[in-house]
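Asker: Residue numbers (this note's numbering), protein chains in the order written: chain A, 118 to 260; chain B, 140 to 529.
Hints listed in this document are in silico derivations from the structure and should not be mistaken for laboratory results.
There may be inaccurate statements among the hints.
Calculated pairs, PhoX-like style, for lysine-lysine (alpha carbon to alpha carbon, straight line, at most 25 Å) [said to hold, decoys possible]: (1) Lys-159/A x Lys-395/B; (2) Lys-330/B x Lys-504/B; (3) Lys-395/B x Lys-138/A.
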Amino acid sequence: MATAPRFWRENPSRYNLVGFKCNSCGKYNFPPRIICPSCRRKSVGKMEPVKLKGTGVIFSFTEVHEGMDEQNVQKPYVVAMVEMDEGAKITGQVIDCDACDLAIGTKVRTTLRKLSEEGSAGVIHYGYKFIPICGESTVSPDK
Amino acid sequence: MSMRRVAVIGTGITEFGELWDSSFRKLGIGAGLAAVEDARISADLIDAMYVGNMSAGRFIRQEHVAALIADYSGLARDHIPATRVEAAGASGGLALRQGFLAVASGLHDIVVVGGAEKMTDVSDMESSMIQSSADDQEWETELGATFASLHALIATRHMHNYGTTREQLADVAVKNHSHGSLNPKAQFRRKIDRNVVLKSPIVASPLRMFDCAPSSDGAAAVVLCPLDAARKYAETPVEITGSGQASDTLALHNRKDICTMGATKVAAERAFKMAELAQKDVDVAEVHDNFTISEILAVEDLGFFPKGQGGKATEEGRTSFEGDVAVNTSGGLKARGDPIGATGVAQAVEIVTQLRGKADKRQVKDADVGLTQNVGGTGATVVVHIFRRA
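Whole structure, please, built from the sequences with the hints as guidance.
Answerer: Written out as structure tokens, the structure reads:
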């Protein structure tokens with residue numbers, strides 16, 4: 118089990134999807150990286166914290182039945198790799214859905230939920246999960 | 140490169156399985172002693188030892204395991220350098236590479252490479268948590284991804300991109316159990332059919348229990364020396380003609396293509412180049428089938444079959460004994476067992492056994508060239524070795 122500081126220091130990204138945009142190549146990095154893996158030294162001093170919009174599509178997914186700490190999940194649950202609109206891929210749980218209703222390409226958005234807790238009286242950790250977008254358009258109306 | 144040529148002159152392996160009466164040290168010493176006896180060398184000749192081990196600290200709460208094995212092998216008396224090597228599932232293969240480099244460089248003459256893991260002293264749940272420590276803890280595991288679920292993401296996408304079928308995944312397990320039934324050291328020595336796989340409980344869809352390698356206890360060891368000296372010790376020395384290692388992003392979501400293990404491709408290119416051999420030369424291969432989908436990626440990325448054709452090739456029997464290349468004759472991780480740190484060394488033991496012509500009922504006819512592919516995590520470390528009968 119992770120300690121409180123280990124979670125706490127990642128809160129900007131866990132709560133608000135703050136990643137780093139490399140202003141050398143323009144690529145979005147999430148999770149945050151100090152150095153852009155494409156530009157390496159050229160990216161030093163050019164990595165800018167940027168909040169992702171929080172919308173994307175399912176790139177791959179699975180319904181997990183075994184292998185997690187049972188205290189922190191209700192089984193089964195869905196884990197997906199989501200390709201965000203900015204191009205970065207993120208791994209997380211998909212909630213408020215049945216796995217059978219999901220497909221590669223399903224549109225999802227992030228939402229803040231409980232990830233885990235350290236025992237019944239311990240610290241509760243929060244972070245992003247994904248929910249399917251039903252009937253919502255991911256294209257902004259002015260375009 | 141002015142490197143010395145390196146040979147394997149001895150092999151040793153314990154039974155793999157849930158070995159409740161065997162401790163970590165008993166396993167490590169069992170494999171090491173067998174290898175040294177097989178090489179017919181006296182312990183005085185051993186210059187150094189490398190031990191592949193992923194997580195003794197969490198499995199048995201014991202770190203510092205290279206010194207432990209050296210001590211209980213009676214080698215502390217000579218104060219030999221003993222080094223633990225860790226790269227998750229690739230720990231054993233990487234220990235072999237370190238031993239290879241030490242002999243090739245001229246620094247050491249006789250080197251023992253061992254690999255060991257004692258996994259069944261913890262619960263199944265704890266064991267899967269420890270295995271997931273090969274993944275990105277901050278950005279995969281803590282968000283809910285298990286080790287199996289990341290491989291399930293690969294499988295889902297591979298099926299989507301290439302039409303790989305659920306049955307083809309099952310065929311990997313069916314073949315490897317069939318091979319394992321011929322290996323007296325294997326954890327599972329019973330043949331299964333497709334239905335056993337397809338009706339087993341779901342772990343992470345589409346992967347089921349029989350798509351996953353088990354938790355295992357076990358150890359394996361090999362003895363290396365310069366090829367020039369090998370005939371002094373072994374009737375049929377086997378040369379390590381190529382060694383390749385490559386890394387990739389730790390997290391699966393950062394890979395260029397999750398259906399291709401980039402590190403496998405690069406490690407294989409490096410090993411084939413050093414060996415001056417090509418895929419068509421390989422008669423027998425031990426690949427990292429920790430999940431059935433992993434073997435399908437392996438046979439594609441090693442270059443045996445085109446991308447997307449691994450499932451079809453398996454279904455058609457092209458990776459079986461009578462196929463293009465015999466893959467996982469030991470039973471693989473699936474049936475022989477997967478004591479993590481031991482696995483990469485066990486792969487080498489199987490290939491050397493095949494090339495010596497000593498594989499008994501599972502012998503590949505006229506096997507001359509063999510290959511091992513050992514993977515850490517979801518592919519962040521891959522080690523490939525190529526072996527040839529000397």
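Asker: Decide, hint by hint, whether the structure agrees.
Answerer: Tested hints:
no.: 1; hint: Lys-159/A x Lys-395/B; verdict: holds, 21 Å
no.: 2; hint: Lys-330/B x Lys-504/B; verdict: holds, 22 Å
no.: 3; hint: Lys-395/B x Lys-138/A; verdict: holds, 18 Å
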